[in-house]
Each structure stands twice: as structure tokens, then as C-alpha cells.
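Based on these hints, arrange chain B on the given structure of chain A.
Number of protein chains: 2
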Amino acid sequence: MQRFNWSQLDSAGQLTALARPALADSADLAANVKAIIAKVRAEGDAALQQFSQQFDGLSDNPLRLSEAEQQRLLGLLQPERKAAIELAYDNIRKFHAAQLPRDIEVETSAGVICQLKSRPIGSVGLYIPGGSAPLPSTVLMLGVPAQLAGCPRTVLVTPPGKPAAIDIAPEIIYAANLCGISEIYTIGGAQAIAALAYGTASIAKVDKIFGPGNRYVTEAKQQVSQDAKGAQIDMPAGPSEVLVLADAEANPAFVAADLLSQALVSDSSTLLDNVEIQLAAQLAALPRKEIAAQALAHSRAILTADLATAVAVTNAYAPEHLIVQTRDASALTEQFDSAASIFVGAWTPESAGDYASGTNHVLPTYGYSRTVSSLSLTDFYRRFTVQQLSAQGMRNIGPAIVTLAEAESLEAHANAVRLRLAALEKAGQNTAND
Amino acid sequence: MQRFNWSQLDSAGQLTALARPALADSADLAANVKAIIAKVRAEGDAALQQFSQQFDGLSDNPLRLSEAEQQRLLGLLQPERKAAIELAYDNIRKFHAAQLPRDIEVETSAGVICQLKSRPIGSVGLYIPGGSAPLPSTVLMLGVPAQLAGCPRTVLVTPPGKPAAIDIAPEIIYAANLCGISEIYTIGGAQAIAALAYGTASIAKVDKIFGPGNRYVTEAKQQVSQDAKGAQIDMPAGPSEVLVLADAEANPAFVAADLLSQALVSDSSTLLDNVEIQLAAQLAALPRKEIAAQALAHSRAILTADLATAVAVTNAYAPEHLIVQTRDASALTEQFDSAASIFVGAWTPESAGDYASGTNHVLPTYGYSRTVSSLSLTDFYRRFTVQQLSAQGMRNIGPAIVTLAEAESLEAHANAVRLRLAALEKAGQNTAND
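These protein sequence lines map, in sequence, to chains A and B.
Position 34 (the first sequence) corresponds to 34 in our numbering; numbering is contiguous.
Convert by adding 1000 to the 1-based position in the second sequence; the result is the number in our numbering.
Read the hints as simulated data drawn from the structure, not as lab findings.
Keep in mind that a hint or two might mislead.
[Claimed, not checked] Lysine-lysine pairs mimicking DSBU-like chemistry, simulated, CA-CA at most 35 Å apart:
{"#": "1", "chain 1": "A", "residue 1": "Lys117", "chain 2": "B", "residue 2": "Lys1426"}
{"#": "2", "chain 1": "A", "residue 1": "Lys229", "chain 2": "B", "residue 2": "Lys1039"}
{"#": "3", "chain 1": "B", "residue 1": "Lys1229", "chain 2": "A", "residue 2": "Lys117"}
{"#": "4", "chain 1": "B", "residue 1": "Lys1039", "chain 2": "A", "residue 2": "Lys94"}
{"#": "5", "chain 1": "A", "residue 1": "Lys39", "chain 2": "B", "residue 2": "Lys1034"}
{"#": "6", "chain 1": "B", "residue 1": "Lys1426", "chain 2": "A", "residue 2": "Lys34"}
{"#": "7", "chain 1": "B", "residue 1": "Lys1205", "chain 2": "A", "residue 2": "Lys94"}
{"#": "8", "chain 1": "B", "residue 1": "Lys1094", "chain 2": "A", "residue 2": "Lys117"}
{"#": "9", "chain 1": "A", "residue 1": "Lys117", "chain 2": "B", "residue 2": "Lys1162"}
{"#": "10", "chain 1": "A", "residue 1": "Lys94", "chain 2": "A", "residue 2": "Lys82"}
{"#": "11", "chain 1": "B", "residue 1": "Lys1034", "chain 2": "A", "residue 2": "Lys229"}
{"#": "12", "chain 1": "B", "residue 1": "Lys1229", "chain 2": "A", "residue 2": "Lys289"}
{"#": "13", "chain 1": "B", "residue 1": "Lys1034", "chain 2": "A", "residue 2": "Lys205"}
{"#": "14", "chain 1": "A", "residue 1": "Lys229", "chain 2": "B", "residue 2": "Lys1205"}
{"#": "15", "chain 1": "B", "residue 1": "Lys1289", "chain 2": "A", "residue 2": "Lys426"}
{"#": "16", "chain 1": "B", "residue 1": "Lys1205", "chain 2": "A", "residue 2": "Lys39"}
{"#": "17", "chain 1": "A", "residue 1": "Lys205", "chain 2": "B", "residue 2": "Lys1117"}
{"#": "18", "chain 1": "B", "residue 1": "Lys1082", "chain 2": "A", "residue 2": "Lys229"}
{"#": "19", "chain 1": "B", "residue 1": "Lys1426", "chain 2": "A", "residue 2": "Lys82"}
{"#": "20", "chain 1": "A", "residue 1": "Lys34", "chain 2": "B", "residue 2": "Lys1034"}
{"#": "21", "chain 1": "B", "residue 1": "Lys1426", "chain 2": "A", "residue 2": "Lys205"}
As the structure is a computational prediction, the values presented were derived from the model and not from experiment.
If we strip away everything but chain A, and leave its shape as in the complex, we get:
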């Protein structure tokens, strides 16, 4: 763990202390992904089969996971895991249900009614990474809001599981089914994103794609979102990150456990020392300790002169996850202006929000949380406006519209109103047209 003493750093040194690892140069990656997308657009399912052979070692990927196979897999689910998924589902559902949008209607001038309406996006695709382990929690984080919004079609794609075999975890199926999702495809990577964005014979196109993934998936999402014929995406994605802000009263063991990730900011050097001791002890006990040790080598501890500076440093970093373990953690929360998700007090580790508190774990990283919002129910809706003027409404605001359209030299716009005002004048003030 690298240590920095904030008050002894010049501004360049402070920037270094807060720098994120540079993202790998991606010219090659972009070209590879572009080629994969082009092939899927041109050849459809045949391209998916070829990529599945190449990347998954599968000679014939059925693509769609049949109902019978889903039922078979569900039979393998351990009861304890089933119950844990249900608890998480309930909490995530409660929190997201509280976000249901209300339609708005305002009469801005007499006879001028304006509405803002929210309607679910027609079809959404959820990408669930495979990799080293299945991620049922991500199924819930994406599937619950899609279900609550009432998106007419929700599709899930995920890599086939094991090399040369279709092996989807029962936890994935169960979480999907709880969210009302039965359309599941065993395909991953950039080719899955291309299939979702453009459609193939087997997989119908979706309007918007959600979910995390590796560099190929992230790049493919970026590319299809730049094309009007492609699909929208949830948010820019990057590696997960956490910052712990702790004072002298924090429990070093808790801080160390939360920290097996990234950054610690504190106004107490004693706390930093004690956390280092705990880190060494906890690291030794982890099964995949090499990976954790590697991550820790890139992590840093920043000592500040006081808590106010610690808050300022935290805001400057704009972490994805912010864990606050200080005396008045709750009171401090109002001072954070850039974290994507905040975990308050000793009993709130990051894993609470990652799994089961109810908040969403799909969050902006890499400083994007300054402007990009945490995933919420609203991301599964489109908002649009409706307006209706009565004849009286036209009389009330029509002259102002003509004036403004003339000021902007937009004659056709002015004319569309003049014509109506003339028709109203002709019909007389006491027309039945109101």
C-alpha cells in the first residue's frame, strides 16, 4: 500500500496521489471489436456460431437456453442460496419500487396543458458476465428495475459457462426467473453485444443494453451506442473502485476488510498503521491471496491534516464506492458531492450494497460519478412531453410565439401561429372552438 501525506504534497503530487490507473491503449481493441460487430451484422447467427467455436470451444451453441434446460438447472439450486437470492430480490425491489416515476401535468398558461410522461423502454438486453464465477447479483440489479418498469421484452445474455460446454449457474436462472426473464441466450463477449444491438435470426434486436463486462464487452457497448441503428447503453464502465474514509475511531479490522481494493483516506496515522497490520493478517487468510495482494500493491493510503481535508480529497477523487467509518459518519454524508454510492458507518461494508441492501450495484466508475448517475429505475424508461393548446391557449401565448419566432428569423414557425390566430379572429372571440 502506497502512503501519501497530503499536506506535504504539491499540487502535482496531489494529482498523482489521486490518479487512476491509465486505461490500456485501445486502438487494437477497438479494431478487433469493430470487426466482430461487422461480422455479426453481416452473417448473423453463423457469425455467432463461429465466435462461439473460437472463444468458447463450442461446436454447436444452441444459443437459446430451453425452458426444459432451465428447469433442470433450477433443480440443482441449493436452498440456502435460493433464500439468499430471494432476500436480495425483495430488498432491491423495495428500494427500486420507491422510484416509480409519476407523470406530470401543468397548465402553464390558461389553456396550455403540458405533460411529462414516462413509459418503459420497449426491449432491453441484460449482459451478465461469465468469467471466473456467475453473477446472480447482477441479474437482480438489472432484472428487478426492468421488471418494475414493465419493459415489454427483457432478454438476458451470458457466456456459455465452462470451456466447450453450456453450463449456466442455477443461481443465474433462478434470479432471472424471479425477475420474469425466461429469454436467455448462452453467448458472451462483443458478439453478444452486436447480436443484441442489431439482431440476428435467433436473437431479436433490443433498444437498450445494460450490464458490466470485460474490455471487449465495454468497447462493443460503446461502439453500438455511437450508431443510431445500434442500441443505447446504460453508462460508461470501468474497473470497480472503493475509497474508505476513516478517522481514529474506526475499527482497523473492518477498514482492512473493506479495503482489499483501493484507497484509504484518514486524518489519523495511527489508524493507517493499524490497518496495515490488519491487512497483512487478513490477506494471509484469503484463498485467492495472490490476486488480492496484487490489487493491494496498487492501493494507496492518504493521510490528511484533518477530517475536512479528508472529505475534500474524497470529493476530488469521486469514487464509485465510498465507505465512511468516522465518528459522525451520518452527519458527514451531506458533504460528499461526487461518490456514486456511499456506505455509512461500521456496519455497512460495500458488500451490503453489492448484494442485498437494496441499492443498485451498477455504478459509474473512473470519476464519472461527478456527472453520471447510479443505475436507477428511471434508466428503464423513456420520458417524453405532450402539449395541448385550446383556442384560448393559442390566443394567450400565440402573439409571444410569433414575436420570438420573428426574433429568431424562423418565418415558418411564426406563420404556423399567425395562420391560427387569423382563423380565430375570423371565427370571432366567442367561437365554439374552445
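Quick look at chain B alone, frame taken from chain A:
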């Protein structure tokens, strides 16, 4: 105006009838814009001066429009235009004020508090195109929500106005001042977007950029939004578009006036005939009739067998503006699932929403309205989550978190909870830690 008879088209013909004009190939454009951005990043104000000389013919652009100059310009404002701007401001403000977000707090399990909070984005930049005419309406559409959200810093940039002179319209200044904006820069084009995204000595960086612009501006917004060090943007932009859906009872003169733009869908061939006659008459009377005639040559009329098909065609096109002039226009509104803004009935031309009804005129185009929302107050906020578990909350959901983290092979996540559960057990069930 091209005419199509929907029921006689095969599916390829239907696609052609709904096709948007292809966007010009943009490899050159992208390279030019990239070079402009790189130069502004490297040379700052010096680059802005050089581009202002090159594109605006200005030998020394003061960049910041002084308070004294703003006051001088305000003195030139015509009282009628001042009043029209005030009416529009009031209506836009009323409609957007109704959208103020509420923070949400839910206790998802006993002792598990989850919150969703909205806070204004720290600094926003509004791009107001110059071109042939000033656009005070766009200042209001962007400035009012920024003001209501309470963004701590709102900046406006706009091209200098006339060739070789700084000449900002008084309407722009007045609209900006109503919205509480006094930080105004006389710079436009891709260089203005670069300055907003990365900052120069004169123009401090902003977090998010809003507003329409020409191809250079649009491309520059796209490019800076792809860079984590750049800035977020409001939405993808394209040329404005309008679709009119009208039945036999619509007023052909009104339809023609609204139509001096793009597409008409109707189940009545008589209406189409009558609109053509009106179009010819109205076109002859317009001052910039060559431009309008050109636009009209690209416009199309689609005849459908019935109103239900007309609605389906409209939904397939996903227009930015949809004007509905049919018998039961209000009732029909619920059937549209993809328009960005809907104008209902004979007295509601597009210009109502463009200027003064209160709705926002910054809208997704080119079919993006299927998934991208109309600009609304929420775009000026960031949403983030906060969670806090009591000791009891940890006891209630901790075991489920451990189970899920184990299912996902994420030991460090499981460990952060196990450690806390062990501490609680040690402290006893009746601890004061709750």
C-alpha cells in the same frame, strides 16, 4: 413532396418510406474536430484566438463578454421581445419546476436504510448556436432547468455574432440574465466545446455540456464525451424533424403550415391533396422560400388504409416532433410509443413547444427518441445512493450477503461481512452497538 401509399408497399418499400437522410460520411469531420480539440488542449486561449481569427475573422476576441457590454446590449432590447421572453421564461419555469426530484428513503429490511439522492451537477456549459439568427429560446430551454436545479456554475458560450465583430443579440443576454447566467463567452464551434470540456486560462472546465449545434459542434460533443477527462453531454443530436398525423377532418392550411418540414401521415387522400394545394400557396408567401422549398422536396406524405396503420407508421418512424390533428387527438395520444414531443390538436403547432408552452425543445432526433428522453430537469442532476446498516441490520442481511458472495467466489466481499458478524457475536446479542 414525395407520396407513398403504405398498403401498396412491400417491407423494403416501407423501410424506404421511413428512411432518414443518411448522415454525411464523417471521417474527415472527425479528424478535423479531433485536431481542433487537441490544439485547444495543448495551447488553450492561444488556440481559441487563432480559431476565432480563422473562423470568425476576429483579430482579438475578448472571449468573456463584460458586464458593461451586457448592460449596453440590454439597452437595445425591444420591449415587445422582452415581454415575449418573459412569458416563455415563466411557462418553461412552471413546467420544469414541477419536475423537481424528491430524495427517496426506504428501510428495506429492519436496520437497513437505503437512500436515493439527487444533487445538481457542479458546473454546466450551455452551447447556443449563432449562425443565421440568435436563439434566445434555446438559452431559456437550457438555462431555466440549470437555474431550477441550482447548478453552482452555469456558463454560456455562443459564436461572436457577425463576421469580424462581437455582436451578441440583446435577446440572448436578457434570456441568460433571467436564468441567472452572467458568465458568457463569445466563442463557438468545436473549439468552444473543447474549451468547456478541458478548460483554458480564460474558461474554466465544466462537468457537462448541453445544447444543439452544427456538425462540428455535435462531433466535438461526441468526442469529449468519450473521454473520461472530458465532459458529459446532454444527448446525441441531429437535424430537427417533424411528423404530422392528420385525418380527413384536419385543417389543410394548419397542416401545411406545420409541415414546412418533413413528413405527413394520413388515412385520407383528400386531405393529402388539399394540403398540397395549401403548401404551394403558403410557400409562395415565405420570405426565405428557397430554403423552405428545398426542405419540402425532401418531405413525404404517406397514405395509410386506416388511422390504426397511421399510428403504427408514426411509431415506426419515432419522430422528434409529432403533431396530431385528428378527430380524437387527445385519445390517440396514449397510442404513441416513440415520439419525443407530441403536439395535440388543431391549436398546438410545433412552435408552441419550441418557444413558449413550457416544454423543453431540446429533444432526441433521428429515431433516438425510442430510448433517449426529452431534456428535462433531471438531466441537470446526478443521482447517487446512500446506505446505512445498524448492527441489527447487519445481523438481518449479513448471512445472505455471505452466501451470495460465496456463490460468486468473491471471498474478500464475504470476509468483510463475516468479520462484522463475528464482532457482533462476540459483543453478545444485547450489545449497545445497535
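Check the hint pairing Lys205 (chain A) with Lys1117 (chain B) against an upper bound of 35 Å on the C-alpha distance. holds, 33 Å
Satisfaction of hint between Lys82 (chain A) and Lys1426 (chain B), Cα-Cα up to 35 Å: holds, 28 Å
For the pair supplied as a hint, Lys1034 (chain B) and Lys205 (chain A), confirm whether the alpha-carbon distance does not exceed 35 Å. holds, 32 Å
Given the proposed pairing of Lys94 (chain A) with Lys82 (chain A), does the C-alpha separation stay at or below 35 Å? This hinted pair holds, its Cα atoms lying about 18 Å apart.
Mind checking the alpha carbons of Lys1039 (chain B) and Lys94 (chain A) for me, to see if they're no more than 35 Å apart? violated, 50 Å
Does the structure keep Lys1229 (chain B) and Lys289 (chain A) at a Cα separation of 35 Å or less? holds, 33 Å
Just to be careful, I want the Cα atoms of Lys1034 (chain B) and Lys229 (chain A) compared with a cutoff of 35 Å; is the pair within it? holds, 24 Å
Is the hinted pair Lys1082 (chain B) and Lys229 (chain A) satisfied, with a Cα-Cα distance of at most 35 Å? violated, 42 Å
Given hint Lys1162 (chain B) paired with Lys117 (chain A) - CA-CA distance at most 35 Å: violated, 41 Å
Check the hint pairing Lys1205 (chain B) with Lys39 (chain A) against an upper bound of 35 Å on the C-alpha distance. Status violated; Cα separation ~40 Å.
Straight-line Cα separation of Lys1426 (chain B) and Lys34 (chain A) no greater than 35 Å? violated, 56 Å
Does Lys1426 (chain B) sit within 35 Å of Lys117 (chain A), going by the straight-line distance between their CA atoms? Outside the cut-off at roughly 53 Å; violated.
The structure fails hints 1, 4, 6, 7, 9, 16, 18, 21 (numbered hints given earlier, in ascending order).
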